[in-house]
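Protein chains in written order, with the numbering used here: chain A, 348 to 564; chain B, 2 to 349; chain C, 7 to 432.
Hints were generated in silico from the structure; no laboratory data involved.
In this text, all values refer to a predicted model and were calculated from it rather than measured experimentally.
Virtual Cβ for every residue (Gly too), placed ideally from N, Cα, C.
A portion of the hints provided could be inaccurate.
These stretches of chain C come out as covered by chain B in the derived footprint (C-beta under 8 Å, 3 or more residues) [what the hints assert, rightly or not]:
# : segment
1 : 34 to 48
2 : 52 to 61
3 : 166 to 172
4 : 290 to 301
The chain contents come next:
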Amino acid sequence: MAEPSEEKQAAGIGNILKIPLRWLDTGLNFIEKSILIVGILLMAGVSVLNVFARNLGASLSFADEVAQLLVVVVTFVGVGYGVRNARHIRVSALHDLLPPLGQKILLTIVSFVSCALLALLAVYAWEYVMKLQASGRRMPSLGMPLWTVYLIAPIGLAVGAAQFLLAGVRNLISPGAWLSWHNPDEYEDELDEMTSEVGLKDDFAGTGTSETEKNNG
Amino acid sequence: GETEQEAASTSSSSSSSSSSSSQSAEPAAKAEPVTWRFALEEIEGSVQDAYAQEFKRQIEDMSDGQIEIEIYPYGALGTSSQLTELVQDGSIQLAFASPGHLASVIPEVGVFTLHFVLSDDNDVNKEVLSSSKVHNLFDAPYAEQNMQLLGIVPEGWMVWTGNKPLRTPEDFSEFKMRTMTSPILTESYKAYGANPSPMPYSEVYSGLQLKQIDGQVNPIFAIEEMSFYEVQEAMTLANHAQFITTLVSNKEWYESLPDDQRKWLDDTRAELVDYIYQKQAEFNGERLEKITQNSDIEVVELTDEQRAVFRDASMGVRDIYLEAAGERGQEILDTITSMVEEADSGEM
Amino acid sequence: MAVVVAVVMVVLLLMGFPMMVPLLVGAMVLLFTQFPFMEGPVIIQQMIGGISQSVLVAVPMFILAADIMIKGHTADRLLDLVSKFVGHLRGGLPMTTAVSCTLFGAVSGSTQATVVAMGQPLRPKMIEAGYSDKFTMALIINASDIALLIPPSIGMIIYGVVSGTSVGDLFIAGIGPGLLILALFSIYCYFKSVKLKIPLMEKAPWPERVTALKRAILPMGFPVIIIGGIYSGLFSPTEAASMSVAYALVLEMAIFRQVSFKDLPSIALSTGLITAVVFILVAAGTAFSWVISFAKLPELMLGGVIENAADSPYMILGLIAVSYFIGCMFVDPIVVILILTPIFAPAVAAAGIDPVLVGTLVTLQAAIGSATPPFGCDIFTAVAIFRRPYLDVIAGTPPFIVLLLLSTVLLILFPQIALFLPGLME
Ligand code: NA
Ligand code: NA
Numbered sequence: 348m349a350e351p352s353e354e355k356q357a358a359g360i361g362n363i364l365k366i367p368l369r370w371l372d373t374g375l376n377f378i379e380k381s382i383l384i385v386g387i388l389l390m391a392g393v394s395v396l397n398v399f400a401r402n403l404g405a406s407l408s409f410a411d412e413v414a415q416l417l418v419v420v421v422t423f424v425g426v427g428y429g430v431r432n433a434r435h436i437r438v439s440a441l442h443d444l445l446p447p448l449g450q451k452i453l454l455t456i457v458s459f460v461s462c463a464l465l466a467l468l469a470v471y472a473w474e475y476v477m478k479l480q481a482s483g484r485r486m487p488s489l490g491m492p493l494w495t496v497y498l499i500a501p502i503g504l505a506v507g508a509a510q511f512l513l514a515g516v517r518n519l520i521s522p523g524a525w526l527s528w529h530n531p532d533e534y535e536d537e538l539d540e541m542t543s544e545v546g547l548k549d550d551f552a553g554t555g556t557s558e559t560e561k562n563n564g
Numbered sequence: 002g003e004t005e006q007e008a009a010s011t012s013s014s015s016s017s018s019s020s021s022s023s024q025s026a027e028p029a030a031k032a033e034p035v036t037w038r039f040a041l042e043e044i045e046g047s048v049q050d051a052y053a054q055e056f057k058r059q060i061e062d063m064s065d066g067q068i069e070i071e072i073y074p075y076g077a078l079g080t081s082s083q084l085t086e087l088v089q090d091g092s093i094q095l096a097f098a099s100p101g102h103l104a105s106v107i108p109e110v111g112v113f114t115l116h117f118v119l120s121d122d123n124d125v126n127k128e129v130l131s132s133s134k135v136h137n138l139f140d141a142p143y144a145e146q147n148m149q150l151l152g153i154v155p156e157g158w159m160v161w162t163g164n165k166p167l168r169t170p171e172d173f174s175e176f177k178m179r180t181m182t183s184p185i186l187t188e189s190y191k192a193y194g195a196n197p198s199p200m201p202y203s204e205v206y207s208g209l210q211l212k213q214i215d216g217q218v219n220p221i222f223a224i225e226e227m228s229f230y231e232v233q234e235a236m237t238l239a240n241h242a243q244f245i246t247t248l249v250s251n252k253e254w255y256e257s258l259p260d261d262q263r264k265w266l267d268d269t270r271a272e273l274v275d276y277i278y279q280k281q282a283e284f285n286g287e288r289l290e291k292i293t294q295n296s297d298i299e300v301v302e303l304t305d306e307q308r309a310v311f312r313d314a315s316m317g318v319r320d321i322y323l324e325a326a327g328e329r330g331q332e333i334l335d336t337i338t339s340m341v342e343e344a345d346s347g348e349m
Numbered sequence: 007m008a009v010v011v012a013v014v015m016v017v018l019l020l021m022g023f024p025m026m027v028p029l030l031v032g033a034m035v036l037l038f039t040q041f042p043f044m045e046g047p048v049i050i051q052q053m054i055g056g057i058s059q060s061v062l063v064a065v066p067m068f069i070l071a072a073d074i075m076i077k078g079h080t081a082d083r084l085l086d087l088v089s090k091f092v093g094h095l096r097g098g099l100p101m102t103t104a105v106s107c108t109l110f111g112a113v114s115g116s117t118q119a120t121v122v123a124m125g126q127p128l129r130p131k132m133i134e135a136g137y138s139d140k141f142t143m144a145l146i147i148n149a150s151d152i153a154l155l156i157p158p159s160i161g162m163i164i165y166g167v168v169s170g171t172s173v174g175d176l177f178i179a180g181i182g183p184g185l186l187i188l189a190l191f192s193i194y195c196y197f198k199s200v201k202l203k204i205p206l207m208e209k210a211p212w213p214e215r216v217t218a219l220k221r222a223i224l225p226m227g228f229p230v231i232i233i234g235g236i237y238s239g240l241f242s243p244t245e246a247a248s249m250s251v252a253y254a255l256v257l258e259m260a261i262f263r264q265v266s267f268k269d270l271p272s273i274a275l276s277t278g279l280i281t282a283v284v285f286i287l288v289a290a291g292t293a294f295s296w297v298i299s300f301a302k303l304p305e306l307m308l309g310g311v312i313e314n315a316a317d318s319p320y321m322i323l324g325l326i327a328v329s330y331f332i333g334c335m336f337v338d339p340i341v342v343i344l345i346l347t348p349i350f351a352p353a354v355a356a357a358g359i360d361p362v363l364v365g366t367l368v369t370l371q372a373a374i375g376s377a378t379p380p381f382g383c384d385i386f387t388a389v390a391i392f393r394r395p396y397l398d399v400i401a402g403t404p405p406f407i408v409l410l411l412l413s414t415v416l417l418i419l420f421p422q423i424a425l426f427l428p429g430l431m432e
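Please construct the entire structure, taking both the sequences and the accompanying hints into account.
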């Protein structure tokens, strides 16, 4: 671990960083959750409706298209949300064998490299969306321009990159190893996250307290 | 056009690597060979594959090995619309692009999914579709998408299969017809009184088997390839539309080709017009024979009177096309229909 | 180059990078070194294309249905039914676990959900009765994998789409091998119970059994509705997933009244999150497989082997089994199926092997690989749910893996295990 004095300084910088970030984070979190919820429920609704409609003699030509687009939306929105909640599937076997400092260093590297990769992909996604806009490709049955929906790809990837950046910064400014800004790399917490009723409580406040405890301790 | 090979089905990514490596190993007396990548919307053994293989043979021959064609059958590089995007950004040089998906970026090509635009006589269609008059009309719309239209390639008549023959619009009443998700197609079958039901290509067989849908429409080779005839009672040949695809290249690439290379390309595609008309007829004939040998499916050919009823019913759908394709679409439709009419009456 | 990329990917994976990172880095390195004329956005094109397949909509729908059933009564009632009927037998409790996992797999379509739904209530009971925790956890993980074979099955839907095989036929074909594995596991449970001298449990009296049966009748309607709906042409296998959501909602909200409208957002959020973390891997896996396919690598690597095996269907089936098994030990089964299926398709077609048999075999390997160290994804689920270290979770798995490999061999030697039922349906 670093010298205590250095650590305090880093934590101070961290606190200044946290204030504007908290606003953004809470807002984004709410939007992401809402999109995931609405996306999944709408997917179910449209698919079920189409089964009834077809059997009553009038297929909904757009049902399949809508469901597929929702899958794309949910996936890319979930990129950022998954990073925030440390839910992306990863192999932790080797990581688990390392001492705490090793874990912290590893997680710092992982966070910044993943951030860079997602940022690059966000740029690619933006370029791709601009190409689609130029070609004017439309959804076959809804007739809307496809790029309007695919815009979620650069946005989702950029949010994911931002969350990885936060995770990396967190590892630098706070003691302990962090999977994301909110999730310390601890067995118990990770476990809670992976049970089925995940991440529903807005845990910003909760993490805040545990973090002060750690800073004081 | 309505066939699509959405699932990788029997596709593989193997195809044409055999000839290329040996040539490049030769001591280089001439310039390093150039590779043109050519992507298909269909699997090996299809009409498009036949076209590409002959194209490869002729152009490699003509260029004395200076040009190598690398063929990617369906599944290797993505879905049909992805192939078009790859041509547009120059990642690959040549691809087939069929109206079923291409109409969502070039509405003008939707004309080929309209019913009863072409002649019942395929010689007439060949003449019309390979004419420079028709090609020129498409130049601007393709150019706007950074593509060069190289050829309009027919792959055979679209054929209806169903749990019964479909002789009249009454037969289509309450009939769940599987189509691709394109407004022109779904409206066409609505106009006949059917309940058009979009469904992924890979699920059509089981959909027919389980009677979730009553029928589907595809060219004969696809009906054979996907074994749809095993689970259907009748095939109706209405000759309402050809399955047509277009051969495209990247526009900038085409324009920046050295003169000799562009000449080889132009000569080859001109050479292939006759080849592919003959080939697809052979191909569909063989497949039809296979179908009738392997099953007792009823094959019904509509009479001119029966076709006329469908033709009248289908006319309203042209408004949907014109709405999307605008004045240029109108000109294309008028030109093709008048050329067909002229040729048809000339022959009578 | 391919070797360098593979090494880089494994290193990134072991460093604990989210699995999408090695896949995407591999794709990009290959793309830019092999095809400098290609542009980065093609990666995004392929990622979006990979998840824009209508059949994949079934995945979130099955997960949603299972989440509703876990939140509600369905899972409990099924469990109660099984324990009332087989609980008193020698090895009854582990058999109850195996059968309940199979049954829940038959209604939910999701392995992970099965581990959650059945593992949580049954594990304490098993330990209380005297079974070791290692055996218990291994049993739960492996029995949950039967869910992959018993319809509805996400693995089979994915295979069906990629290979163009009828998903309906695959579903039916999975039942035989699924029951075979259940039988083998039950036999193992019997001997385990004898060896540990576990006292027998009391036999439930018939009135209790009847009550349990009555309570479970509606939950057991899931497989009936799904198979019945598919075979009567009301809906496609893909739509069956959405219909089971509809059924779960009717059951839990209107009849059992265990789930209220207020619960739906949290259930949907959980589903959305799981969908996203799996599908980003499908997306990245598609981009990766696209690049290797553009580079024609699969042919170069597997082509010779496949060609040599071409004469013998047994060789091809064996090769398929080994490739998928190893693949699923490292990566999510969906990704493995997406990458490997097109590579083997020509050999399968050339040898004239029934694609339905191949699909069943592939799904079985996906099931085994998912429960096999080092990276089997079920193991991670179990680590998370049971809160036990990785090594404890895998300690009891070897006997089960041996039994699963035995069923693989049986399936290759006696394809009728899978093909008997679809044959009957025709
Ligand atoms: Na299942
Ligand atoms: Na796995």
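Do the hints match the structure? See the list:
1. Counting residues of the segment 34 to 48 of chain C whose beta-carbon sits less than 8 Å from any beta-carbon of chain B gives 6, enough to reach three: the coverage restraint holds.
2. Counting residues of the segment 52 to 61 of chain C whose C-beta lies closer than 8 Å to any C-beta of chain B gives 5; at least three are required, and the coverage claim holds.
3. Counting residues of the segment 166 to 172 of chain C whose CB falls under 8 Å from any CB of chain B gives 6; the rule of at least 3 is met.
4. Counting residues of the segment 290 to 301 of chain C whose beta carbon lies closer than 8 Å to any beta carbon of chain B gives 3, which meets the minimum of three for the stated coverage.
This entry satisfies every hint, going by the numbered hints stated previously.
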